[in-house]
Amino acid sequence: MSEPESIVTIRHLSKIYAQGDIQVTALDDISLVIAAGEFLTLMGPSGSGKSTLLHIIAGIDRPTSGECLVQGIDVTKLNESQLADWRNQNVGFVFQTFNLIPVLTAFENVELPLLLTRLGHAQRRKLVNTALDIVGLADRSHHLPKQLSGGQEQRVAIARALVTDPKLVVADEPTGNLDSHSAQEVLGILQSLSRQVGKTVIMVTHDPKAAAFGSRSIHLEKGELTN
Amino acid sequence: MALPLRYSLRNALVRWRSTVATVLGIALVVFVFVLLQSLAAGIEKSSGNTGDPRNLLVVRKGSTAESASLIGRQNLQDIRYLPEIARNAAGEPVISADVLVLVNLPRRLHNGEANVLLRGVTPRGMELRPQVHLVAGRWFVPGHREVVVSAKLARRFANFDLGSSFKSGSATLTVVGWLAGGGSAFDSECWLDADECRSLFERDMYSSFLIRPVDAAAAARLIDRIENDRRFKLKAEREVDYYRKQTMTAAPIKWLGNFLAVTMSVGAVFAAMNTMYAAVGARTREIGTLRVLGFRRRSVVLALLLEGGFLALLGGILGCAIAFYWNGYTTATMGMETFSEIVFEFRVTPRLVTEGLIFAVAVGLIGTALPAIRAARLPVIAALKAI
Chain P
1 MSEPESIVTI RHLSKIYAQG DIQVTALDDI SLVIAAGEFL TLMGPSGSGK STLLHIIAGI
61 DRPTSGECLV QGIDVTKLNE SQLADWRNQN VGFVFQTFNL IPVLTAFENV ELPLLLTRLG
121 HAQRRKLVNT ALDIVGLADR SHHLPKQLSG GQEQRVAIAR ALVTDPKLVV ADEPTGNLDS
181 HSAQEVLGIL QSLSRQVGKT VIMVTHDPKA AAFGSRSIHL EKGELTN
Chain D
1 MALPLRYSLR NALVRWRSTV ATVLGIALVV FVFVLLQSLA AGIEKSSGNT GDPRNLLVVR
61 KGSTAESASL IGRQNLQDIR YLPEIARNAA GEPVISADVL VLVNLPRRLH NGEANVLLRG
121 VTPRGMELRP QVHLVAGRWF VPGHREVVVS AKLARRFANF DLGSSFKSGS ATLTVVGWLA
181 GGGSAFDSEC WLDADECRSL FERDMYSSFL IRPVDAAAAA RLIDRIENDR RFKLKAEREV
241 DYYRKQTMTA APIKWLGNFL AVTMSVGAVF AAMNTMYAAV GARTREIGTL RVLGFRRRSV
301 VLALLLEGGF LALLGGILGC AIAFYWNGYT TATMGMETFS EIVFEFRVTP RLVTEGLIFA
361 VAVGLIGTAL PAIRAARLPV IAALKAI
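Chains as they are written, first to last, in the numbering used here: chain P, 1 to 227; chain D, 1 to 387.
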């Protein structure tokens with residue numbers, strides 16, 4: 001049986017913040033390989049560096065040193081514009097606070113990343129409806145975020161993360177603002193994305209119950225991997 | 001690719017309170033700008049609307065206005081039979097020697113006094129100015145101390161009703177008719193017989209000659225002749241050119257309009273900037289999210305500029321609409337050339353509306369530029385962590 005193909009390869013990654021004269025080490029010489037199709041959960045106490053690691057993998061933060069290869073591309077070497085394009089094509093984001101645009105409907109929110117592609121209106125409509133269907137919100141497509149429950153908002157955010165069909169989905173405490181029922185629904189969707197569609201999901205969480213949905217869990221403490 | 005237009009528009013509408021404040025601020029600036037410029041445009045149109053391109057107007061050299069010009073009677077004798085001057089059916093030269101006199105008269109409703117321009121005009125002078133016509137009463141009869149006043153002046157001055165009389169110096173004149181000058185400078189005049197005017201006001205001299213040359217070539221020759229004949233010391237030019245230059249009155253109003261527009265626009269820029277800083281501040285995380293999704297800095301800047309520009313355009317449209325309410329409204333001021341009351345209409349022209357809208361959008365864009373650039377330059381992570 002062959003080894004699963006790696007999608008993320010991290011080598012000697014460090015991130016040091018300067019706070020005045022004091023230097024704070026957020027990540028300290030991290031090396032890690034994440035396989036394609038894996039549902040990896042990053043755990044650890046506040047300030048352990050798990051969100052920083054997630055942000056660097058997703059190309060929205062830069063390390064102080066080290067490499068972060070995603071599908072063979074070292075994202076630490078890309079400039080701002082290249083990173084913007086890369087994120088659009090390769091990564092889906094799910095945030096703790098949903099981060100939907102309040103003045104746009106669920107449909108328009110999900111459509112946003114597709115506006116940066118060359119797809120026509122009909123193709124975009126089809127993909128958006130499919131994504132909303134996957135998260136079970138096809139009948140809520142014309143609702144504004146304020147007309148949706150927290151769980152529904154997060155499912156719209158997942159649809160937005162999926163609509164460009166990225167290989168990698170990153171989620172930063174996606175259940176942090178949800179009740180337990182909604183949290184189960186969201187985690188179930190993320191799990192099925194990994195198991196049934198083959199997406200690589202990386203999720204930051206404090207909650208061991210949430211981490212149990214993942215296929216692998218790693219722990220960080222003071223910027224270092226502890227397992 | 002740019003963010004969808006609806007994103008900018010809906011954001012402007014969602015924050016309707018600050019949107020309304022910004023729109024009203026910009027509307028006020030545009031209203032003041034357009035209204036003052038429409039005053040100037042009205043004065044310019046009044047002067048520019050006067051005269052016939054075939055006519056020549058002769059005044060004393062150095063005089064900037066007919067009312068300040070004095071021409072000796074001998075000059076009339078020397079000029080009237082020149083071959084360049086056309087003749088009417090009766091074989092008489094088509095030349096009118098006019099006399100202009102300023103008289104001080106009371107306004108209606110005891111609203112002080114103001115100078116009014118009386119023009120002593122000949123039958124030839126009336127023929128040469130066909131745009132002037134009677135709208136009420138009848139024309140004056142020479143020798144009967146009668147006067148025909150502008151209908152627009154009649155609304156502003158006491159004793160200008162038909163049948164009323166007014167005294168000026170030793171003369172008492174009876175108003176027998178109202179004239180209309182078709183939006184020209186003649187709307188600010190009162191006409192009476194030229195010889196009677198000279199007699200009543202003891203004027204031995206004329207103020208101007210209005211001449212109809214035979215043709216354009218004759219007009220050019222006549223101008224050359226009058227200007228170069230050392231006996232005359234006169235200046236001749238096309239009547240329309242003379243009136244086109246009579247726009248000095250509009251200059252201070254234009255200057256005031258521009259000055260107020262510039263000073264008020266500084267305030268409007270800060271108002272727009274304040275609105276957009278507040279808008280950007282409240283949406284920092286939203287902007288961070290857009291950047292995460294792949295929208296570039298310039299898309300964010302463009303969306304915010306569109307939002308600011310849209311608000312400013314609304315303000316500009318509102319300001320122009322309020323200013324347009326005064327379009328055609330008749331008012332008066334003291335003419336800087338004649339020192340008499342001149343009546344004119346507010347003229348909100350398409351050009352002024354265009355200038356007002358461009359001005360509004362410029363104010364909006366300048367006010368939005370700084371907050372937009374600041375928002376776009378914020379690192380994605382910092383934007384996402386904003387509360």
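Simulated from the structure, these hints should not be mistaken for laboratory data.
All values derive from a computational prediction rather than experimental measurement.
Glycine included, each C-beta is placed from N, C-alpha and C at the ideal position.
One or more hints might be untrue.
Claimed, not checked - Here are the in silico distance ranges between beta carbons for each label pair:
{"#": "1", "chain 1": "D", "residue 1": "L370", "chain 2": "P", "residue 2": "R11", "range": "39 to 45 Å"}
{"#": "2", "chain 1": "P", "residue 1": "P102", "chain 2": "D", "residue 2": "G182", "range": "36 to 42 Å"}
{"#": "3", "chain 1": "P", "residue 1": "Q82", "chain 2": "D", "residue 2": "L13", "range": "57 to 63 Å"}
{"#": "4", "chain 1": "P", "residue 1": "P102", "chain 2": "D", "residue 2": "G267", "range": "17 to 23 Å"}
{"#": "5", "chain 1": "P", "residue 1": "N79", "chain 2": "D", "residue 2": "I358", "range": "35 to 41 Å"}
{"#": "6", "chain 1": "P", "residue 1": "A138", "chain 2": "D", "residue 2": "I358", "range": "44 to 50 Å"}
{"#": "7", "chain 1": "D", "residue 1": "I358", "chain 2": "P", "residue 2": "T9", "range": "54 to 60 Å"}
What the hints assert, rightly or not - Mimicking DSS-like on lysine-lysine, the simulated pairs with C-alpha atoms at most 27 Å apart in a straight line are:
{"#": "8", "chain 1": "D", "residue 1": "K61", "chain 2": "D", "residue 2": "K167"}
{"#": "9", "chain 1": "D", "residue 1": "K245", "chain 2": "D", "residue 2": "K235"}
{"#": "10", "chain 1": "D", "residue 1": "K61", "chain 2": "D", "residue 2": "K45"}
{"#": "11", "chain 1": "D", "residue 1": "K245", "chain 2": "D", "residue 2": "K61"}
{"#": "12", "chain 1": "P", "residue 1": "K126", "chain 2": "P", "residue 2": "K77"}
{"#": "13", "chain 1": "D", "residue 1": "K245", "chain 2": "D", "residue 2": "K233"}
{"#": "14", "chain 1": "D", "residue 1": "K254", "chain 2": "D", "residue 2": "K385"}
{"#": "15", "chain 1": "P", "residue 1": "K167", "chain 2": "D", "residue 2": "K385"}
{"#": "16", "chain 1": "P", "residue 1": "K126", "chain 2": "P", "residue 2": "K146"}
{"#": "17", "chain 1": "P", "residue 1": "K222", "chain 2": "D", "residue 2": "K245"}
{"#": "18", "chain 1": "D", "residue 1": "K233", "chain 2": "D", "residue 2": "K45"}
{"#": "19", "chain 1": "P", "residue 1": "K167", "chain 2": "P", "residue 2": "K77"}
{"#": "20", "chain 1": "P", "residue 1": "K146", "chain 2": "D", "residue 2": "K235"}
{"#": "21", "chain 1": "P", "residue 1": "K77", "chain 2": "D", "residue 2": "K245"}
{"#": "22", "chain 1": "D", "residue 1": "K385", "chain 2": "P", "residue 2": "K209"}
Here is how each hint holds up against the structure:
no., hint, in the structure
1, D:L370 with P:R11: 39 to 45 Å, "42 Å, holds"
2, P:P102 with D:G182: 36 to 42 Å, "59 Å, violated"
3, P:Q82 with D:L13: 57 to 63 Å, "35 Å, violated"
4, P:P102 with D:G267: 17 to 23 Å, "30 Å, violated"
5, P:N79 with D:I358: 35 to 41 Å, "37 Å, holds"
6, P:A138 with D:I358: 44 to 50 Å, "46 Å, holds"
7, D:I358 with P:T9: 54 to 60 Å, "55 Å, holds"
8, D:K61 with D:K167, "32 Å, violated"
9, D:K245 with D:K235, "14 Å, holds"
10, D:K61 with D:K45, "26 Å, holds"
11, D:K245 with D:K61, "15 Å, holds"
12, P:K126 with P:K77, "35 Å, violated"
13, D:K245 with D:K233, "20 Å, holds"
14, D:K254 with D:K385, "51 Å, violated"
15, P:K167 with D:K385, "25 Å, holds"
16, P:K126 with P:K146, "24 Å, holds"
17, P:K222 with D:K245, "83 Å, violated"
18, D:K233 with D:K45, "30 Å, violated"
19, P:K167 with P:K77, "20 Å, holds"
20, P:K146 with D:K235, "78 Å, violated"
21, P:K77 with D:K245, "68 Å, violated"
22, D:K385 with P:K209, "26 Å, holds"
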